[in-house]
Amino acid sequence: MKSPLPPHTTPGFQSPESTSLAEILITHAQDNPKHTLFRYVEVDGTLSTISWAQAVQAFDKIARSVRQQLGNADEKPRPFLTITSILTFDQTTSPTFLRAGYPAFPISPRNSPKQFLIFFILPAAHTSSSRTREMIRSLRLRYQGPPGNPDTVRRRNLLGPSGCAPGEPTEPEKIKLVLDDHGIGNLPQIPAPSFEQLFGASTSVDDIPVPSPEQDDVAVILHSSGSVKFTKVIKVSHRSLRQCGLWLDYEEIDVCGQVWSAHNVPTFHFAGVMQLIWAMFSGITLAVFPPNSPAAVPTPARVLDEAIATQTNLLYCVPAFLEVRALERNEMTIEERFGLVSLVGLLICNTAVGDFLSKNGVRLSHIYGLTETGGLSMMIPEYPPTEDYFHLAPHIDPVLVPLPELPDVYRLIVKKCATHTPAILNTMVDGVPALDTNDLLVRHPDNDKLWKVYGREDDQIMHSNGEKTNPGPLEGIILKDPKIKHALMFGRSKFNAGILIFPVEPLDPADTERVADFRRDIWPSIQEANEIAPSHSRIFKEMILIEEIYASVESSSLTHITAPALFDVAASLEFVCKVIAEVMIKVPEEAEDIFQHGCDSLQATWIRNSILHALRRAQISGLADIPHDFVYTHPTIRLLAIYLVQIASGLPSPPSTPLDRTLRMQEMVLKYSQKFPTSSSGIDATEEVVFVTGTAGALGAYLLARLLSQSQFTRVYVFNRFGASIQERQRSSFSTHGIDVGLLTSPKLRLLAGDLTKPTFGLPTVEFEEIRSQVTCIIHNSWQVDFNLSLSSFEPGIHGTRNLVDFALTAPHANPPQFIFVSTVGVYRNFSGTVAPEAKIPDVHTSCGQGYAESKWVCEQILEIAADTTVLRPIIVRSGRRRCEWFPTLLRSSQVLGHLPEIPGCISWLPIDHAAQALVEMRLSDNRYLHLTHPHPVPFAQILALIAEDLHLPVVPYTTWLNSLQAASSSGLDNPGTRLLDFFGSIRAVSDQEEAFFPVPLANENALRNSAFLSSVPALDRRDVTAWVGYLRKVGYLV
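Those letters in the sequence shown? Residues 1 to 1039, per the UniProt record's numbering, in order.
These are computed hints drawn from the structure, not numbers from a lab. Treat the hints loosely; a few may be bogus.
Just the calculated beta-carbon pair ranges, DEER-fashion [to be verified]:
| # | residue 1 | residue 2 | range |
| --- | --- | --- | --- |
| 1 | 590 | 394 | 39 to 47 Å |
| 2 | 592 | 42 | 56 to 64 Å |
| 3 | 394 | 926 | 52 to 60 Å |
| 4 | 924 | 1027 | 23 to 31 Å |
| 5 | 954 | 709 | 37 to 45 Å |
| 6 | 1027 | 952 | 14 to 22 Å |
Heads up, simulated EDC-like pairs for lysine to aspartate or glutamate below, C-alpha to C-alpha not over 16 Å straight-line [unchecked claim]:
| # | residue 1 | residue 2 |
| --- | --- | --- |
| 7 | 485 | 475 |
| 8 | 416 | 446 |
| 9 | 61 | 196 |
| 10 | 449 | 728 |
| 11 | 61 | 207 |
All C-beta atoms in this analysis are idealised placements derived from N, C-alpha and C, irrespective of residue type, glycine included.
The task is simple: from the sequences and hints, build the whole structure.
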């Protein structure tokens, strides 16, 4: 591989801010006349160069011609030039308009005629002049090749003037017709001079006035695939253009004199406009195509071959080009010649290609930026990160807004600052103008300085060639077709856009003749959408997928994966691996729990349906008897494969029985209750130091706030799992729940991230020992909340609890730290008594039947055994069933259904902030078990009546509501309650005095005795309802 580029040692071009970009061009011609600006390879292989002196003289020639035709460029507001060029890779475009003093508007020839019309109207509509037509002056640039050029003659003979069939209007003619219809078709056209005229024999050029624009005057107008009905028009100021030109000056590598491949990015893109601006400020040399006519079409092979021939150091291209070339494995080693490959656009969508490139020594740097902002990532890092991540550039001022529903994902806002000014400012942050990009970034799990693109909050589709499709307008046109019920565009990280069509009349996808007829019937609607779509967004017939609409995700499966011909273990393992590889980002090992590797309920549904689809294709009988949750009860690849073999073979595979479950629970207790360490000796601690887990959720956030605000705690160690920046996550949690974020600046706070299953929790040994020597109280609140998971999927949590017990027992104190374990009243799910006591549950059957409750029971038993055999004195606080686990879903489902359920019984819910304060007080309890429930239950009907008023919903009997939810599940309506249908369906009727959604009243005498605060909590009322509904609306869950 080529040796790395040199580190940054010299500053980029520096000039006073008052110096215009045109003056910088002139300065280069005078001070750096022999420095190479362009290089290219002639037909005979000769390497030719163009110096700054030659280039600036050529720019002056075009600028002089433009000014002669269009007049004074200093009038206010300046007219703009609309450049519609066949030669979209012409590197003379951007410096020419800067030298002439006109803002230019380079337009992609890929746009439809209707888009051209919008382009001609929109910029003028935003000027202060009423002379709209006079503000538009068109400059069509065409290279005039030598008359006898055989390539030109051959092209004309084969294709005609524009490559169109005889009698068919050319694209320029179609554009002209549209403009004529709106009275702006007779705009002047100025042909560009030929290469020989520009760079031939030196001729004198009359002095051209040096333009003197203000920094905030418009320098260039660009268009992008924006979020409005048509493409968005963006005006870039001289200030922004200049600041973006200095982008390379903030890099870790000095690129002065390096050769930059400018073959791939067209000049109607911001990146294409910027390439020469970067050369002005950094001293790079641009490698370009030779100036032939017709112009070279930048195919992947041609771009890479030209880059090699021009001895490029820095290859700048879209990912799709490398993907195509990577398929030609025998030629890929040539990329080792480049010092760095910078990918503009999205990531490489084929991970195998990315791995292959890396293994072949290709250093990949992923560039992230927007037309509105220029580059937002480091373009040329000395050591590029891997796996599609990037560093945010040091010259920008980013604000990362966490998404409550996606803990590791952030929306990017870019503030205006001294070194960076976005072209569009659409919001304010801390009183500073800013651009809300609507882009979503995900943080690297281990390095909080690395990011990659997650997607767009406005659902634009980002393709692998760097283009974007805005699906809304196109889907809207297609949905006007009366034969189409739903339409969904797709294509993220793919080269083409496609569309999924759901017919009004059900259609069997296997009936190929009917599918073909339907596709022909709806094709006019697709063509209508294509009329307004840029070429990269147009839909081909082959990309129309027609499928019968099933019950939303409940019937989604990976039908393209071939089922095994024979369901033996080896074939079943291979099949299950393929299914999981399609669904999950990383495929776990065969014996690893898929839910501990990120599999969620949606992915589990895909896996379940794909396996069932394979069994149906194989005509296996008895599928109706397969339990709905078999993926959860067989949570590894190997267990699923064996289960598949059993079903296919007709072997008895009964559902899990209570006996099976209780045995697994007892085995888990036995596994994690052996050989507790001997308690360390030491002296009594004089200060209270707390180690608390799980503070990212609601209870944990309020708990942390209480610990930080109370003076008796001198140090608070906060431990959460690896993931997004713990600082950002904690701040987000506080902000979301209305907690003072200023508390997080407390000097006694120490934020930690790690893994409780590791020997030192994943922390450095020295740090781990320091913490253990100080901690006097452990509050273990962290737990995975998912009612679908089986006990085995909670084993890492159980393992972590045992490690915390060992941590407490080996602390160097006279007595081990207080140990508070937050359990759940759900451990009483099968209790048959009259009142559930605050006491040990010896009968394993009491908690059997749900993995979440089973895992909490297991931990309670482990702590019981530890208390009986060691000096540890644990306190087990069973919190009431948290409404956040199911109640928001009930409310949102009710909004979708149009009515709330009438639920009998009473509720003893405790507001989260009150629960946190009580929990802090309970650390000093002499009782081992306490129930954290409200001391004054209220009728649920009373609370639901208040909620019904806020949501403007009627209240119906619970059975009516449940039947509506079941109907929604069957019909495929999008309703979040369908995912908890089993839970809602399992609720039994209770009396008005009994706890709603729970089988038995809960004792709480111990809790009231150990928390004076809990005893004084008032009954739930309107204020609590307003707070709940207001919060759910604030986070966007309720409307």
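Checked hints:
1. Under the hint 39 to 47 Å, the C-beta atoms of residue 590 and residue 394, about 44 Å apart, fit the expected range.
2. Range check, residue 592 to residue 42: Cβ separation about 58 Å, and the 56 to 64 Å hint holds.
3. Range check, residue 394 to residue 926: about 56 Å between beta-carbon atoms, so the 52 to 60 Å window is met.
4. With their beta carbons about 29 Å apart, residue 924 and residue 1027 fall inside the hinted range of 23 to 31 Å.
5. Between residue 954 and residue 709, the C-beta spacing of about 43 Å keeps the proposed range 37 to 45 Å intact.
6. For residue 1027 paired with residue 952, a C-beta distance near 18 Å keeps the hint of 14 to 22 Å intact.
7. The straight-line distance between the Cα atoms of residue 485 and residue 475 is roughly 11 Å, inside the 16 Å bound, and the hint therefore holds.
8. Only pairs whose Cα atoms come within 16 Å are accepted, and residue 416 paired with residue 446 is rejected, the gap being roughly 29 Å.
9. Restraint check: the Cα-Cα separation between residue 61 and residue 196 comes to about 12 Å, which is no more than 16 Å; the hinted pair holds.
10. For the hint pairing residue 449 with residue 728, the CA-to-CA distance comes to about 12 Å; that is within 16 Å, so the pair holds.
11. For the proposed pair residue 61 and residue 207, the alpha carbon gap of about 10 Å is at most 16 Å, so the pair holds.
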